[in-house]
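Visitor: Sequence:
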Amino acid sequence: MLLFSDVAQVLLPSAVYLFALLLILAIAGFRAPDRSLLRRLRFLMVALAVCTYIASAPIFSNWLIGRLEEGPAPVVPERHGSQPQARLIVALASGRVRNTVEGERAFLDEHGWNRTIAAINLWQRIGGHLMFNGGPVASDGKAAADRMAEVAISYGVPRSEIVVVRAASNTYQNITTLRDSLGTDRPEIWLVTSAIHMPRAVNVATRIGLRVQQFPCDFRHNTAMGWRAWFPHNNGPADFELALHEVLGNAAYSVRGWLAVD
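Plus 17 on top of the position in the sequence shown (first one is 1) and you've got this note's numbering.
Misleading hints may appear alongside valid ones.
[Stated by the list, open to error] Below, in silico cross-link-like pairs of lysine to any residue (SDA-like), each with a Cα-Cα straight-line distance of 25 angstroms or less:
1. K159 - G145
2. K159 - E127
3. K159 - V180
4. K159 - R142
5. K159 - N138
6. K159 - T193
7. K159 - S198
8. K159 - F124
9. K159 - Y189
In short, the hints are calculated from the structure, not lab data.
The model shown is predicted, which means the values in this text are computed figures rather than measured ones.
Working from the sequences, and respecting the hints, build out all of it.
Guide: Written out as structure tokens, the structure reads:
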């Protein structure tokens, strides 16, 4: 569908309806009597309509996601190639805690699943140890990282090759706990995370003195968008929120001095 991805969305309040309402109010404001409230608010209605359009039309969020995902393509070595030092594949966890009939449990979200599968695929290609790092911790003591480890074991990764780090709830903690877990060891580190999240994670690693190889996954940029992308879409704000989260995250980390200075 042009404006909705599911028939059910037609029945729900959405960004599409909000944009249409603001556009109607903006047009009505320019046609209203001079001293009316609607007339005085016409430019505010225009500004709100423009903001809603930018947030809901996929063309804008897709462009921003593409800029955030830009980075060098990884050069992956062969598993049995020369390996002058130990290898450590680090996948940053992503998930949520939910209540179940058995109590609180940590579950992977879509990003977490994509990172898990990418890390397993990389391990199958180059070997080494596999670290799953972070994520929310449930009342049973298990974090999203534990769920990632369980998936890896089900795919044939030996338990002896897996390390789980739970004491991290954001990107900065992910990277600092990684550094602390290394001690004096300096293995070849391969960092696995979503492509949109990779630049911030690598920047933090550089800031604290870690050199990492990038293995991005979970790409969101769509290179096949057509003219329909210029129309507001009910799913548009979710993609815009994803990009905005990363932009604000970079800004906050920069203010705190957690990013490397170019």
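Visitor: Each of the hints needs a verdict: does it hold here or not?
Guide: Hints versus structure:
1. K159 - G145: Since the Cα atoms of K159 and G145 sit roughly 24 angstroms apart, the hinted pair holds (cutoff 25 angstroms).
2. K159 - E127: holds (18 angstroms)
3. K159 - V180: holds (13 angstroms)
4. K159 - R142: Not satisfied, since the Cα-Cα distance of roughly 28 angstroms exceeds 25 angstroms.
5. K159 - N138: Roughly 24 angstroms separates the two Cα atoms, so the pair holds.
6. K159 - T193: Within the cut-off at roughly 20 angstroms; holds.
7. K159 - S198: With Cα atoms ~19 angstroms apart, K159 and S198 stay inside 25 angstroms; holds.
8. K159 - F124: Since the Cα atoms of K159 and F124 sit roughly 10 angstroms apart, the hinted pair holds (cutoff 25 angstroms).
9. K159 - Y189: It holds: about 20 angstroms lies between the C-alpha atoms, which stays within 25 angstroms.
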